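Build the complex from these two chains, which are given one at a time in their own frames, with help from the hints.
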Amino acid sequence: MMRYTLTRIGSVIPTVLGAATVAFLLLRLIPGDPARISAGPTATPEQVEHLRVQLGLDRPWWEQYLDFMKNLFTGSLGTSTRSGNSVAAEIGTRLPFTIQLAFWAMLIAIVVGCALGIVGALYRGRAIDFIFSAVSVIGVSAPVFWIGLMMIVLFSVKLGWFPASGAATPASVVLPAVALSLFAIGFISRQTRSAMIDALSMDAVRTARAKGMSGVNVIGKQALRNALVPVITVVGLQFGQMLGGSILTESVFGWPGIGQLLVNSINNRDYPVVQGVVFVVAVLLILVNLATDLLYSAIDPRVRHGN
Amino acid sequence: MAIEVPVARRTSLLRALWRHRSSKVGLILVGFTLFVALIGPFLVLGNASSDPNYQNLGQSLLGSSGSHWLGTDDLGRDELVRMVNGARYTLIMAVAAVTIAAVSGLIVGAVSGYAGGWVDLVIQRLVDIILSFPGFLLALALVAILGTGMTNLIIAVAVSAFPRFVRVTRSGVLTVMQLPYVEAARSQGLPPLRILRKHVVPNALGALIVQTPLEIGSAVLTGAGLGFLGLGVAEPTPEWGAMLGDGRDLLFTNPTLVTYPGIAIFIAILGFNLLGDGIRDVLDPRHSTSR
Numbered sequence: 001m002m003r004y005t006l007t008r009i010g011s012v013i014p015t016v017l018g019a020a021t022v023a024f025l026l027l028r029l030i031p032g033d034p035a036r037i038s039a040g041p042t043a044t045p046e047q048v049e050h051l052r053v054q055l056g057l058d059r060p061w062w063e064q065y066l067d068f069m070k071n072l073f074t075g076s077l078g079t080s081t082r083s084g085n086s087v088a089a090e091i092g093t094r095l096p097f098t099i100q101l102a103f104w105a106m107l108i109a110i111v112v113g114c115a116l117g118i119v120g121a122l123y124r125g126r127a128i129d130f131i132f133s134a135v136s137v138i139g140v141s142a143p144v145f146w147i148g149l150m151m152i153v154l155f156s157v158k159l160g161w162f163p164a165s166g167a168a169t170p171a172s173v174v175l176p177a178v179a180l181s182l183f184a185i186g187f188i189s190r191q192t193r194s195a196m197i198d199a200l201s202m203d204a205v206r207t208a209r210a211k212g213m214s215g216v217n218v219i220g221k222q223a224l225r226n227a228l229v230p231v232i233t234v235v236g237l238q239f240g241q242m243l244g245g246s247i248l249t250e251s252v253f254g255w256p257g258i259g260q261l262l263v264n265s266i267n268n269r270d271y272p273v274v275q276g277v278v279f280v281v282a283v284l285l286i287l288v289n290l291a292t293d294l295l296y297s298a299i300d301p302r303v304r305h306g307n
Numbered sequence: 001m002a003i004e005v006p007v008a009r010r011t012s013l014l015r016a017l018w019r020h021r022s023s024k025v026g027l028i029l030v031g032f033t034l035f036v037a038l039i040g041p042f043l044v045l046g047n048a049s050s051d052p053n054y055q056n057l058g059q060s061l062l063g064s065s066g067s068h069w070l071g072t073d074d075l076g077r078d079e080l081v082r083m084v085n086g087a088r089y090t091l092i093m094a095v096a097a098v099t100i101a102a103v104s105g106l107i108v109g110a111v112s113g114y115a116g117g118w119v120d121l122v123i124q125r126l127v128d129i130i131l132s133f134p135g136f137l138l139a140l141a142l143v144a145i146l147g148t149g150m151t152n153l154i155i156a157v158a159v160s161a162f163p164r165f166v167r168v169t170r171s172g173v174l175t176v177m178q179l180p181y182v183e184a185a186r187s188q189g190l191p192p193l194r195i196l197r198k199h200v201v202p203n204a205l206g207a208l209i210v211q212t213p214l215e216i217g218s219a220v221l222t223g224a225g226l227g228f229l230g231l232g233v234a235e236p237t238p239e240w241g242a243m244l245g246d247g248r249d250l251l252f253t254n255p256t257l258v259t260y261p262g263i264a265i266f267i268a269i270l271g272f273n274l275l276g277d278g279i280r281d282v283l284d285p286r287h288s289t290s291r
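Going down the list, the protein sequences come from chains A and B. Numbering follows UniProt numbering, with no gaps: position 165 of the first sequence is 165. Numbering follows UniProt numbering, with no gaps: position 290 of the second sequence is 290.
Extracted from the complex, chain B is given alone in its bound form (with noise of 0.2 Å):
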């Protein structure tokens, strides 16, 4: 499946996404996001309790009110605030983790693709082993290894979302390379690296523009996943699965505290997919989901 997205095309993307109706409600919802992880710790200062970690012990398991909006947990930290600080881990970290399987994934898919041969067979024989454990498991497996912390949680993520970018890479360049403009560079004989770079990669992205919002989507799953197992970032830091896994002692008295921090999971995640599924649509309608 090779998906052409030319220059002149590129403006005109985000528009057609605009018109889709999915990736519609997916933009809404990422640049919420977005919105929030940027802007949001700003609009909710102006008290003492602004500070994320700030602890008021005589306020705590709030309900809501006009000073606490979403109540507070059970150290009288302010729910929003928490909330609201906590959207930048979880883009940061998603954001990060993809980008670093994503242009590893490009490079080693790529030089697989291209090189064929006993190279392409022992980078699919590695890639096939590392797609033998389960994604969230091997994530789970490295965190416990490494160690928790912001930096350990990106590796993981990364390490796990690798090999699907390989092989969509891969199938990419295998796919151009059948075309006939490819065959003339070649018979032309340019440099491979050049190739490559200048007429094979830039076709083969398609492919790897689809995968990316939705691995996104997967990624902020699994570091919340993580993070409510107590292996994501350190205490305190007001991430969104760890506030969950902390509201869960709560969960009979305060139901609220894990909800909360749970919807906030699944709006980002939600957003993210309905936007992968609309750039498949928009980019290669043979796959449409919708219509």
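Pulled out of the complex, with its shape left as it was, chain A reads as follows (with noise of 0.2 Å):
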């Protein structure tokens, strides 16, 4: 156990630093001089000389990319073109709007989809099930920009029942956590339905009802313990459709989280902004995922000695 955790928390590192790389390659893609373009089309050449020495760009590139590494050691991921606040400080006070975004979508849609998926497998065949089957594709398959929007519509619009926008009041999350979960919702249900199907035909369940333990004993006890292993990894998998999907939530409901920084900064060709949040998000995922395969071969002893 403890030789696996240790390899796989080791394994992280080389993800991250090259995570860092890409980050580190966005502002030298940019077709063209990165300066000019980020200066805008009215800046005068003093203004893009300034930005060209702000950002770096007048050095050799491995220079640049050993100062950037060097700066993400000590924390710093640069300095805003736009506000000239610092990276990590931008970042620092939207990252917790989207958390708490991501935590009320990811508990709704874990909830819910795991409910749809267990009474769907219970009643497989059946009318219940047709009707959660299309619920859940359904979930997958409807953009949450446009879900987004007709929510808005129909629950702060003609409902009344919650604000359109912002953060201002503590009922502002429900629509957009509501939205976000929906892809979720989906992806959890299949994957809970077909684990349970599973689940409910291995031999213990079998002996267990044989034996005559009542229907929520069995349920409870032998198939959903086994049927809820593989939907942990579903659930880490879905943090980052999550991540990407509250990209589009946020712009939808004036989410004030990172998710809407990227957009502004990118509307506002703030580069260093665009890389910082970049960077984030992907150690943000790593992390997720490092922590979904530890707790997996936690209660899953295969898991570590098949790799």
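No false leads were mixed into what you were given.
Quick look at which bits of chain B chain A covers, simulated, 3 or more residues with Cβ under 8 Å:
# : region
1 : 115-129
2 : 134-140
3 : 145-155
4 : 221-229
5 : 251-257
6 : 264-276
Short derived list, chain A residues pointing at chain B, Cβ under 10 Å:
#  : residue
7  : Gly-18
8  : Thr-21
9  : Leu-25
10 : Leu-29
11 : Ala-142
12 : Pro-143
13 : Trp-146
14 : Val-157
15 : Gly-244
16 : Ser-251
17 : Val-274
18 : Val-278
It is worth saying that the hints were derived from the structure and are not from the lab. Quick caveat: nothing in here was measured; it's all calculated off a predicted structure. Glycine residues also receive a C-beta, built at the ideal position from the N, C-alpha and C atoms.
Here it is in structure tokens:
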């Protein structure tokens, strides 16, 4: 266990360094002169030169790269070319909002997704299973930016139940969290359903039923426990999807998270912020995948011996 | 998971898909979208407003009527004409991006799985790095850097789908490599490229075939999402995501300008997802979602 844990933690390091390298390369992949483009069409040559020095583009690339990596180790992600604030501080004020949104969306997705999947598996082939399967495929197919806008029309404009935009009141999180959760609900419910069907046909479950254990006991103690193991991986995978989806969700609902910061920075050609957000999101995802793998291996010993 | 698709079964695959409940709906929806993309622009010809970019400010924001079935947008452009023309952009983008990703993913994945050793290790570490970014974020960052436009959009979507094709091909190749006939071919001293091309890749294709429609659906979603944020193809191209993004400013007064393009995107994605599910069920019943 210890050995697997350490190896798995160690494997994170090259990936994080790789993600940092990709973030570094972003600015250098810009076709043409990054300083010129970043400064905007109305900038004077002096402003462009100033920006070139600020972005470090006047120095050799390897020096820029070493500096970039060195700064990352000290927690510095550079300075916004638009606001002059440190990128780390800008991300720091926005990140809690994105995490809050993703947390609620994931919670809704796990509860609703597992419920739909379990009920679907128990009533396999019946009308309710068909309806829940339809709900799940609609969930993974409906674009979040469309569903989100439709929800605003219905729940904010027509019914007036929830605010349409911003994060001013606790109720503000409801619509974006529900919209963001739909894709994961669809995904989790399908995986739960098929894992549950597998678990229900396991010898242990059949034996328990044959021994006369009540339905609730069998489902709760035997089948569910076995079914939820693969679901953990799915939840981990869905987190990445959710971070991507939150960019669109935040844009629809005016939610002040890093997704909105990213889109604004792209529109302002504020490249240090773009690089910072890309890197921070990657690190977040790498850590969640690590946690998922470790949790999975703690529950299912076959994983650590298989690899 | 190696799923074999012998040549003789290819014609019966379509029949099997048609018999399968969800892939039948998928085939209908995808067929409808394809039909609209190919034929649709010719069907809505006939009056001046059949040009998707024909503006008539005197006729802006009309509701549904006999001359404008789905009404007009804020510049007086016919909504139905724009939607029908938009099908092409969405489909060309998604299919081109997924084709590039699938072909390059197939090559890289096959090499990685067949070569093994340090080649495999290096390729897998690189794939890990690409996968450490959420797909949509990666596509968004690439478009932000390369600039908007159809070509860059295709590149961005292809790059974000590429690592998944590498993974799928590699695991298919690894499974097939253990089969006796591949070992036999190797022991006969056939050159590796020939073994790969003649024996390994054709039999590892099954998983790739399952993956492709699902990836097209996901590419439609990514492309429309970028269009929605104003980072897709340039104005005034009637791309569905961009139309939805434009309509957003008029959400409270004219919600139909958001509703219709949204339904179009939804139908296309739903079709490809159902088709993908069906193909997976038909080729590999163990993973059945509907039975």
